[in-house]
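A.B. asks: First residue of the sequence shown: 1108, per the numbering used here; consecutive thereafter.
Note that these hints are calculated values from the structure, not bench results. None of these values were measured; they are calculated from a predicted model. Glycine included, every Cβ here is placed at the ideal spot set by N, Cα and C. Mixed in with the good hints, there may be bad ones.
Label pairs and their calculated CB-CB ranges [as the list claims (entries may be wrong)]:
1) 1302 with 1204: 50 to 60 Å
2) 1256 with 1302: 41 to 51 Å
3) 1356 with 1304: 35 to 45 Å
4) 1195 with 1395: 27 to 37 Å
5) 1175 with 1121: 20 to 30 Å
6) 1419 with 1380: 32 to 42 Å
7) 1405 with 1341: 33 to 43 Å
8) 1195 with 1286: 53 to 63 Å
9) 1203 with 1325: 55 to 65 Å
10) 1305 with 1384: 42 to 52 Å
11) 1242 with 1374: 36 to 46 Å
12) 1284 with 1360: 20 to 30 Å
For lysine to any residue, the following SDA-like pairs were computed, each having C-alpha atoms within a straight-line distance of at most 20 Å [claimed, not checked]:
13) 1402 with 1280
14) 1121 with 1307
15) 1181 with 1170
16) 1121 with 1187
17) 1121 with 1201
18) 1359 with 1387
19) 1402 with 1416
20) 1121 with 1150
21) 1187 with 1147
22) 1121 with 1397
23) 1121 with 1395
24) 1121 with 1400
25) 1340 with 1307
26) 1340 with 1366
27) 1121 with 1309
28) 1181 with 1214
29) 1187 with 1402
30) 1121 with 1416
31) 1340 with 1394
32) 1359 with 1152
33) 1121 with 1381
34) 1187 with 1171
35) 1121 with 1163
36) 1187 with 1134
37) 1181 with 1133
38) 1340 with 1419
39) 1280 with 1309
40) 1181 with 1192
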Amino acid sequence: MESTIASHVPVLLKETIDALGVRAGGRYVDGTLGRAGHTREILARGGEVLGIDRDDQALREVAAQVQAEPDRFKGLTVAKGNHGDLERVARENGWEDVDGILLDLGVSSPQLDEAGRGFSFLRDGPLDMRMDRSGGVTAADLVNGESAERLEAIFRELGEERDARRIARAIEKARTAHAIATTAELADLVARTVGRHGAHHPATRVFQALRMAVNDELGELERALDGGLRLLKGGGRFAVITFESLSDRMVKRFFAAHVGRNVSLQQGGERWEGAAPRATAVTRRAVVATDFETKSNPRARSAKLRVIEKERN
């Protein structure tokens, strides 16, 4: 367990906590607690944290950290749940009008490193991909049970895969002989179907699409954004770290809608147009990792941080 915890490096740590404006006595919701990398820094700056995660393994590892270093984790409350339900989970735990919310989306390093989780084609394991392994469909269920048309839509819409149709048809044909059960089987099938071009493995987008479908990642994100903004007090800040374009576009558009814009009126003057509640941009454009961070933590290469502040009434 110790090596697993040590292998996880929080992305954009200083940039995120600085942008949240963490203050002593403030109350913050980490909707994607993971191995508590960002949460530890919030606590170190004197904040209190409600950490939410649906991954039982992550929750067990955080519990082990708390047991080993109780003083370091004073002010932490942990709850199991999806970040899409963060508003409900927070209110159920007595957290109202919080000072900040953090979402660090995507798959953590320990999840990728454990073959049994089925997130990565770099380590052969069962096609699972569930963040919460207590229930729900697996990637194998989708690959072996969905129609070719539905698989094509998943690969095209969630993976932005250009060869979605060819891959879906190849899966349909292959599974008539036997079920596709492991990450290596699927990755090899995709590679044989479309060939290898460029630096990335040809199955990269297929695996992304399946993971997002299994965990309803865009649906969870939409609910988290809506609920999180309601939960924030005036002056509270909302920080989101994304790792792929679909989630980043959703965050960018949601934040932009609430920041709004001033529109010139024909009769003179201006009128603000946007979605309520109104917010101001803390980061004018996405914050990305420095070259130094990407060299030491390659996962940071695709990370983008966006932050807004809810305006006071």
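A.B. asks: Take the hints in turn and mark each one as holding or not.
C.D. replies: Hints versus structure:
The hinted window of 50 to 60 Å between residue 1302 and residue 1204 holds, with their beta carbons roughly 54 Å apart. The given range of 41 to 51 Å is broken by residue 1256 and residue 1302, whose C-beta atoms sit roughly 23 Å from each other. Roughly 25 Å separates the CB atoms of residue 1356 and residue 1304, a value that falls outside the hinted 35 to 45 Å. A hinted range of 27 to 37 Å holds for the C-beta pair residue 1195 and residue 1395, which are about 32 Å apart.
Separated by about 24 Å at the C-beta atoms, residue 1175 and residue 1121 satisfy the suggested range of 20 to 30 Å. Between residue 1419 and residue 1380 the beta carbon distance is about 20 Å. The supplied range of 32 to 42 Å is therefore violated. Distance hint check: the CB atoms of residue 1405 and residue 1341 are about 39 Å apart, consistent with the given range 33 to 43 Å. One distance hint, 53 to 63 Å for the beta-carbon pair residue 1195 and residue 1286, is violated here, with the actual separation near 37 Å.
In this structure the hint that residue 1203 and residue 1325 lie 55 to 65 Å apart at CB is violated, the actual value being about 27 Å. As the Cβ distance of residue 1305 to residue 1384 is approximately 43 Å, the hint placing it in 42 to 52 Å holds. Residue 1242 and residue 1374 have their C-beta atoms about 58 Å apart, which leaves the hinted 36 to 46 Å range violated. About 43 Å separates the C-beta atoms of residue 1284 and residue 1360, a value inconsistent with the hinted range of 20 to 30 Å.
Between residue 1402 and residue 1280 the CA atoms are separated by roughly 41 Å; this puts the pair beyond 20 Å, and the hint is violated. Taking the CA atoms of residue 1121 and residue 1307, the gap is about 29 Å. The hint is violated against a cut of 20 Å. Our distance criterion of 20 Å between C-alpha atoms is met by residue 1181 and residue 1170, whose separation comes to about 12 Å. Distance check on the hinted pair: residue 1121 and residue 1187 sit about 26 Å apart at the alpha-carbon level, beyond 20 Å; violated.
Between residue 1121 and residue 1201 the CA atoms are separated by roughly 28 Å; this puts the pair beyond 20 Å, and the hint is violated. Of the supplied pair hints, the one linking residue 1359 and residue 1387 holds, its CA atoms being roughly 13 Å apart against a limit of 20 Å. Annotation: proposed proximity of residue 1402 to residue 1416 is violated, straight-line Cα distance about 31 Å (limit 20 Å). Restraint check: the Cα-Cα separation between residue 1121 and residue 1150 comes to about 13 Å, which is no more than 20 Å; the hinted pair holds.
The straight-line distance between the Cα atoms of residue 1187 and residue 1147 is roughly 18 Å, inside the 20 Å bound, and the hint therefore holds. With a CA separation close to 11 Å, the supplied pair residue 1121 and residue 1397 stays within the 20 Å bound. A C-alpha spacing of about 12 Å is found between residue 1121 and residue 1395, which places the hinted pair at or below 20 Å, so the restraint holds. The straight-line distance between the Cα atoms of residue 1121 and residue 1400 is roughly 11 Å, inside the 20 Å bound, and the hint therefore holds.
Restraint check for residue 1340 and residue 1307: the C-alpha separation of about 43 Å exceeds 20 Å, so the hint is violated. Restraint check for residue 1340 and residue 1366: the C-alpha separation of about 16 Å stays at or below 20 Å, so the hint holds. Using a Cα cut-off of 20 Å, the hinted pair residue 1121 and residue 1309 is violated, with the two alpha carbons roughly 34 Å apart. This hinted pair does not check out: residue 1181 and residue 1214 have alpha carbons roughly 27 Å apart, beyond 20 Å.
Taken as a hint, the residue 1187 and residue 1402 pair is broken in the structure, with Cα atoms around 33 Å apart against an allowance of 20 Å. Restraint check for residue 1121 and residue 1416: the C-alpha separation of about 18 Å stays at or below 20 Å, so the hint holds. Restraint check: the Cα-Cα separation between residue 1340 and residue 1394 comes to about 24 Å, which exceeds 20 Å; the hinted pair is violated. With a C-alpha separation of about 28 Å, the suggested pairing of residue 1359 with residue 1152 is violated against the 20 Å cut-off.
Between residue 1121 and residue 1381 the alpha-carbon distance is near 30 Å, which puts this suggested pair outside the 20 Å criterion. The suggested pairing of residue 1187 with residue 1171 holds, with an alpha-carbon distance near 15 Å, which does not exceed 20 Å. As the CA atoms of residue 1121 and residue 1163 are separated by approximately 27 Å, the hinted pair breaks the 20 Å bound. Using a Cα cut-off of 20 Å, the hinted pair residue 1187 and residue 1134 holds, with the two alpha carbons roughly 18 Å apart.
Between residue 1181 and residue 1133, the direct Cα distance comes to roughly 13 Å. Compliance with the 20 Å bound is thereby established for this hinted pair. Between residue 1340 and residue 1419 the alpha-carbon distance is near 8 Å, which keeps this suggested pair within the 20 Å criterion. Note on residue 1280 and residue 1309: the hinted pairing holds, with a Cα-Cα distance of about 19 Å set against a maximum of 20 Å. For the proposed pair residue 1181 and residue 1192, the alpha carbon gap of about 24 Å is over 20 Å, so the pair is violated.
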